[in-house]
Amino acid sequence: MRGKELRRSLSVLPIGTVMKLTSLTARQIRYYESQKLIFPQRSDGNRRLYSLADVDRLLEIKDYLDDGLNMAGIREVYDQKQRESEQRKNQDHQLTDDDVRKILHDEFLQAGGLKTPSAQQPQAPLQKPL
DNA sequence: CTTCTAACA
DNA sequence: TGTTAGTA
1 MRGKELRRSL SVLPIGTVMK LTSLTARQIR YYESQKLIFP QRSDGNRRLY
51 SLADVDRLLE IKDYLDDGLN MAGIREVYDQ KQRESEQRKN QDHQLTDDDV
101 RKILHDEFLQ AGGLKTPSAQ QPQAPLQKPL
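At position 19 of the first sequence (counting the first as 1) the number is 19 in UniProt numbering, and the numbers step up by one without a gap.
There could be a bad hint or two in this list.
[To be verified] Lysine to aspartate or glutamate pairs mimicking DMTMM-like chemistry, simulated, CA-CA at most 20 Å apart:
1. K36 x D66
2. K36 x E60
3. K81 x E33
4. K20 x D56
5. K81 x D92
6. K89 x D99
7. K81 x E60
8. K62 x E76
9. K20 x E33
10. K81 x D67
11. K36 x D56
12. K62 x D79
13. K36 x D79
14. K20 x E76
15. K89 x E5
16. K81 x E5
17. K36 x E84
18. K36 x E76
19. K36 x E86
20. K89 x D79
21. K62 x D99
22. K102 x D92
23. K81 x D63
24. K36 x D63
25. K81 x D56
26. K4 x D66
27. K20 x D63
[What the hints assert, rightly or not] Just the calculated beta-carbon pair ranges, DEER-fashion:
28. D44 x K20: 44 to 54 Å
29. G3 x H93: 20 to 30 Å
30. S85 x G3: 20 to 30 Å
31. D106 x T17: 53 to 63 Å
32. S11 x S85: 31 to 41 Å
33. H105 x G68: 51 to 61 Å
34. A111 x K4: 42 to 52 Å
35. R8 x D66: 31 to 41 Å
36. D67 x L10: 28 to 38 Å
37. I103 x R47: 49 to 59 Å
Calculated from the structure, these hints are not laboratory results.
All of these numbers come straight from a predicted model, not from anything done at the bench.
Where is the CB? At the ideal position from N, CA and C, for every residue including glycine.
Make a model of the complete structure from these sequences and hints.
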């Protein structure tokens, strides 16, 4: 269900290939990395290895540059998106007061033997959908 | 031959 | 950003 995302994240492209795919110079690609806009992996003898996701990101960076943004500005955009996705992760694992109330209530019924664990229909989900 | 880091007539 | 030097 996500084999494609996995392959998009596989870092196997040398900088030379990325140059052709993005029309950027090696200098620029390395510079953007120094500005923390991309994080290619390293391998072999300290050589940079890029993923297709990295290539897309570089293409995206080029667009932002055309829109007049500087390195710091682009980084803020990505930092912002990263913070938003982190909040979503926490949100999924945070139970609302109502959820806690329901869980406690269900456990109480089970402990009292007034209800069979098999006939559990209105069980509170452990986590909410996105 | 390709890539890397560091540096600048 | 370009470019070059000296490596790995």
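Unsatisfied constraints (hint numbers, rising):
Violated hints: 14, 21, 26, 28, 32 and 35; rest satisfied.
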